[in-house]
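Note that the protein sequences, when read in sequence, are chains A and D. Numbering-wise, this note's numbering comes out as the position in the first sequence, counting from 1, plus 48. Numbering-wise, this note's numbering comes out as the position in the second sequence, counting from 1, plus 4.
Please note that a few of the clues may not be correct.
[As the list claims (entries may be wrong)] Each computed EDC-like pair below joins lysine to aspartate or glutamate, with the alpha-carbon atoms no more than 16 Å apart: (1) K479/A to D428/D; (2) K500/D to D402/D; (3) K537/D to E352/A; (4) K537/D to D351/A.
Since the hints were derived computationally from the structure, they do not count as laboratory data.
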Amino acid sequence: MSGMKLLKTTGILTLLQFGMYIYASGQQLTSYNLQFLPQRSYMNPSFAPIGKMHIGIPVFSGVSNSYTNNGFTYSDLFRRTNDNTLILDFGNAINNMAARNYMTAHAETELVSFGMKYKKNYFSFNITEKADLNFNYSKSFMEFMYEGNAASLGTVQQLNPGLEAVHYREYGLAWAKELSKMITAGVRVKYLYGMEQVITKGKGITMYTDPVDFTITANTDYTIFTSGLDSNAFNNFEFGNYVTGRKNTGYAIDAGITLKPVQTIELTASVIDLGNIKWVTNNAIYHTNTNQENFVYTGINLDEFINSDSLDAETYLQTIGDSLYDSFNMTTTSESYTYKLPIQFYFSASYLISPRYKVTALVRNKSAYHTNYTDYQFSFTGKSKTWLNYTVSINKVNKTTATPGGGFAINFRNNQIYFASDNVPGLFNWKHTHNSGFRAGLNIMFGTWLKYMKPPQPKLEEPSAMK
Amino acid sequence: MKPTIICIPRAILAYGINHLLTLVVFLLLLSSCSKDDFNADLDKSTWAPSIAFPLAYAEIGMSDMAHTNDSSTTLIIDNNQFCTLIYHDKIFDLNATQLVQIPDQSNQTQFSLNNSEILTLNNTGQVQVAQSQDISFAVSQGVEIDSMILKNCNLVLDCSSGFPANSIVRLTIPGMKKNGVVFSEILSLNYSGTNPFTNLISIPLHNYHIDLTKNGTTNNTLTLNYVVTLNGNGAGVTTSNSIQCNTTFQSVKFQIMYGYVGQQSLANLPDSVQLSIFNNATGLGTFTIAEPKINFEISNSIGIPFHASISQLTAMNSNMTNFIAATGIPDPLPVFSPVISQTAQSLQSSFILDNNNSNITDLINAKPKYLIAQAQVTTNPSGYGSNFITDTSRLFMDVRVELPLYGTANDFKIMDTVPFNYSDLEKVENLTLRMNVENWFPIESSLQLVFTDANFVPLDTLFLPGEVVIPSGIINGSNDRVTVAGKKIHDHIFDKTRISRILNAENILIMATATTMQQGNTNVKIFNDYKLKLTIGAIAKMKIL
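Excised from the complex, chain D in its bound form (with noise of 0.2 Å):
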């Protein structure tokens, strides 16, 4: 048998050859190029850019260092920018209502014929019977009321009937009047059918003027006078059918009120001003205000004679154990209370406790963190006298704790705690952390962040133990002024090993001291352009391969 190669035509032979040329040049180029030429061992590849970025910044005045956020925590800036801090609270508050209050007052009456009056009913067909009664008004701590304007209350007539007979109720009351009208009102009692029937009226006596002392010969009482009327129809009518009437004064609140309210003594629960400047304050360091005041502020609009006083007023520190008692309160306060002619006016006194009538500088420097304050009022110490009271009259004390920022600090101390939980940083082979500061504050501080587990053993800190992080600012010439920053860079470097650390971390402990010009020993103003501006920014070297 002939080879096959023979029998295939030249030209397709010359084919197979090309191909197999071009062929063997494609795998030539390609032998010398294989899949393990860019299999690279990635993990003993290296790219780990370090990328800086800033993280976070912050420009620190004194109303955040104040917390002025707080409702109750003022900052005084005055023309020359100097601060003075203002912490106030009322330690004392009192109203008409503690001291008057006038319960519902009911009155019940009942209306029956005798024999005679039967027979003109049978005769006549009509019979009228009147009735008058005093409402003797029941009102707390003995108080003796005169007249009032009233401002709510509701008149309750209502009566039930037991005459076979059709009948009207007139309710007059003489010493009550609303624009020089008396107040009157029918309520109509009509048979049915069936006894005993009922009926009532509610009238409001908004802007009503009561008068309760009977014509001046009395207080607390009001004379009510009642005419029933019966119209008879041939039903029998005997002696043992009658009309009973219950009269109500119900949610009686005045406008205003004339008459006595007698000795009252009346003692608010200890209040509190918080001075948050030392919430976070610890340790034996020192802190100086130079002139610091406490200011009470009362006003009154109660017409009533008042004796006052502070029965107590101590600071108390963070711990809430040690206390100092403030010296040097006047007794009585001075409360002025206004007269008739000054109805609704709000009279106003203070005084005000500083160095030279009181203790107050060893108060402050005793870094109290609350002022606790307890005052007492008595109502007409020297007995009796024409009252007045509006709805709105109130006497309230304000105390305002003044700290002019201008003392000292050495050793400062505040203490705070922040949780921490960060785990984002597993890529990170090398992290620097820069904090950038520059103060204008004439204060120094060392700063130490100490990130602890969760039971707060220390796992790592950031700052050398009496370390100038926060160099102060220098005051130069005569103006108390700080006119050069104090600067500095802080680099910290955390390894691997350093970051693990902190990735157990559960809670940073921050601890600041803050110490004035030459050791504390200078007193310096505070201004409100001074600033501490801070940035920090992280170079961190990631793992990328």
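So that you can see chain A by itself, here it is in the shape it has in the complex (with noise of 0.2 Å):
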């Protein structure tokens, strides 16, 4: 491959990576078994692979996209009609939906990432390119949004969709060692750079829409929270500034631990992402608040607006849409606020069939600002001695129903591909699953390979006759 073709090869690779930020959950969880993967210490740093030192090849060493919806797929929006014409059914979408949706997707990119291994320790650092949204809607909210509030007549809507978004770039400093045959202890502190941020908070917007003479009674409690997305982010936008001048710094620690308390079981756990990051730059804060007093429109007063001497009708609207506006306090601010990532807690249960088989269970928690979800998983692996390592497993993930997974990483001397997903089949009927996604790359591997041992040899003696 020339130089050339590399390049465009690379560059096209990397926009769709960047393409798939907008529609791709955290970690597969598939790749938390493949022993001799590098990556696999993101999601517990005690974890180091087997060999002595591993280099990731920037952008191509972990690609990993997930994305998850437990409201509706792909085909349940997008749907053909007998003329084969696609269109959007929203109605059939919102119809599949639960009383309370999420929608989660990830993206991450492994800029840089090496590790090397020295006596009973391992250290590894990472430069991580990581995209990351949580949103949380309710059937009720979609319901509104599509039908509108007549549909809703005489009752409460609680329309409080929750987003949580943020694009962010990881720099890494991971140490795992073995602290005895028993325990492998490792940590990562993480420096973050902050790039786009969005997370809405409050209470939401209540509204009861009358039955019977349609009058709106409404009150707010919600705040929009945004860095680099407003226009002055765009404004004299430079490529160099955007990727390193912000000043939207933070830090994180994540921590885990392996322990073998007998030969044959496996116990492991981490938390991930423990720490925060502080925007300051291009942020805007929206916020609406009727502080506790009900919004009430009761339309237009016949009598002010037929006989007021003094306003004509067009300032009179305006000034009742001024009211309007006034009576839901909006108001936008840019002062710096703190974000806390989403934590995420692992923990897995390994029975060690044989030295190269296991089956694990392994749990995972991500705590984001509006939801808190469980996802489970039980898997196989198996590992050949040094060039293969395979896991097959039954992931249930974000609330969607249950999805066969697999993944492998396999060794050619210096190098490694791998690939995982929590859903194969998913990857190619991705029209009608809830969950899809994958992580996947190249890394270049030393020490991987047994080096061929000449078994000592017996120094025999010259026969004496020989003498």
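Could you fit the two chains together into a complex? Lean on the hints.
If you want it as structure tokens, here you go:
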């Protein structure tokens, strides 16, 4: 492959990667089980790969996308009619929703990664671009948006869609150490550089439409924090400033432990993304609060409208509009704020059938601002001595139906290629699945292959006759 | 030549394979995803939320219906909240300036010397010449003024001298005093070498009392006394030299005038009282008020006897064609005039037309838009007498039409047209207009809104013909009070076709009828706390996709 082609291919894949940001949840659970894989330390820093050293190929060493949405699938929303016309069918998508629904998307690209073993320690460093989105929405909210308030006359509508999204870069330094034959512990310290963020807070909007006269009663308590998204962020845009010049910084820590109380049992636990980012640059905070006082709109007062001598109709309507706007106490500010990363916990228990095979039960909990959900996995993992590591799993992610997953890591002397997905069929049948995504990449590995060791040879005495 | 691949180091080959494998994986994953998968035909997709929202509301009470924001309309509410509608206006207003007008008054006089006086002037150096003149005040309408106290007036003394000598003109008016001091002013005429030369003075006569009777012998007459003093300087004075003096009373306004104004006949132009409750009345329906009244209230502060009468009082309908003349009006009207001791007082008198003394019920039941009235007065109907007028004296007559809202209506119809222009309904696929009515009046109403084009050709209507849109409140018990409101909800659905018709409308013709209990055969009372509550809302199905 020529350099130009390599550059072009790399560019295309990078663009594809960024393109996937928009619809791609956390790490693929399945990759947690691949012992050969350096990147699994992102889920538990006590994990160290086999081998003495690894170097991730920039961008290609780790590409991870995942998307889950327990509310509806692509095929629920995009539907082909009898005449093969693709239409948007919001009604069908809403019919398939539960009362509360969660959509998550996660994408990350490893820009730089390397690590090396030193005695019983494994040190590694990574620079990873990450994007994470959590959207919490109710069926009633979507019905409200789709059908309007006429369908919910006489009922109190609590409209509080919870959105949390962040794009940042992580600079991580990890240290895993085998403390004893039974205990391995690890920690990763991370410096974080924030680029964009949005999060909603507050009780939302409560709205009641009178079934007789349609009087609208509402109150609001809603704040949208944004950073890097207002128009100032895009005026005089400079790529260099965007990539490194913003003042949104933070720190986080990952910690993990692996226990082997007996030869056949392995227990692991970790906490990931314990930290926060302080957002300073290009912030816009939109706030509305009716301060416990209901906003009530009853329409135009005909008597004032017709008989007011001091106001013309246009001015009168403008005055009403201003008054309505004022009653919501809308404010826009730009002060700095601190955003806590969604924290994740991993717990696993494995039974080692033999040194090469194990079965594992894994639980992950992710605590975002608006929701907290737990994923479950049961897997079987096998490995050869040096070249092949594979796993098959059953995953129940983000309250969606259980899906079969799988993954492998293959070592070619000093190279490793890996792939893992929590829903393998879903990759090809993504239109009908609630859960899709994968993690894949290429690593350069050193010290993974066992050295051919010539067994010690008996030194034969020279026959005395020869002497 | 060896194949190139053999030349590639093994490690690089491995990288190539790995990259290729990665690419294959990506392509496999992405092959099932294409742009077409998201390129939905939005025209065939549907997103049309139905938005319910309040459009307008009104709480209409009697004061709103009666247009009491009009300054000539008043709603009187008694302790029981019972409403009486009052329409009032002045139909006659006479003030002092209409009876007595005093134009500017002027007098001219000339002073010259005979030979003897010239000789005296040359010998002694000074000579005085005195002259007295009566000025006859010309007053409008033959008014005879005995005396008056001036409010505003300027006396201008303007003299021109042809004498080659300095002179002084003194004007004294014995009949004009202020604080007991007789009016006397001096005008100096100083010779500067050229003839003729002039000078003038202007003296304000505010608060001067003028006696125009010349010591009780006549009227409108004032005596002016001039004394001219000439101081000789040796220059040649001849008999042809003279002094001309003009004396003018300008802008004469009195505070009070005593005298006799004569027998003047005055009539105002016909004036009207607008009964706004019938502004938009139309059709043959009935509207009756059980006990209407017209109250004539007369106020007079002019010290003159009057004969006053109403020459015309007619009820005109909204077409200004049919009229009914009122009967029972007294002639003369009772007008009381103050005597001297009642100066500056207003004496009140009044009379009332009601069911017992007039045809007022017929007048009101004709649903008149206007009551047209014309009044006439004659001063001093019995001949000569002593009169007095102050500058603020007035004789005026107010008409108060009192309509106690106790009566009936049967198919009482009003109609109005309002311009209509609306074009923001293009995205609306379907519109449901809801009108919610709560009526506490003991009156039911049919309503029709007709959407018309510019030529008033009907395009659409809102309600069914004859449909009771606003049901009457129900009176229970014997206190004439509505205890249960009439309620009704109307939903009107406008589909796309109907909406397009309405978008072409340029006017809305509003027709409403009112009928009281038992088809208008029983009198009902209207109380101030009765309200017609109206809310208008809409559900609009908006096509977004």
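*If you draw a straight line from the CA of K500/D to the CA of D402/D, is it 16 Å or shorter?*
57 Å, violated
*When you check the alpha-carbon spacing of K537/D and E352/A, does it fall within 16 Å?*
15 Å, holds
*Straight-line alpha-carbon gap K537/D to D351/A, limit 16 Å*: Roughly 12 Å separates the two Cα atoms, so the pair holds.
*asked:* Run the distance test for K479/A versus D428/D: straight-line Cα separation, threshold 16 Å.
replied: Distance of about 39 Å is beyond 16 Å: violated.
This entry does not satisfy hints 1, 2, going by the numbered hints stated previously.
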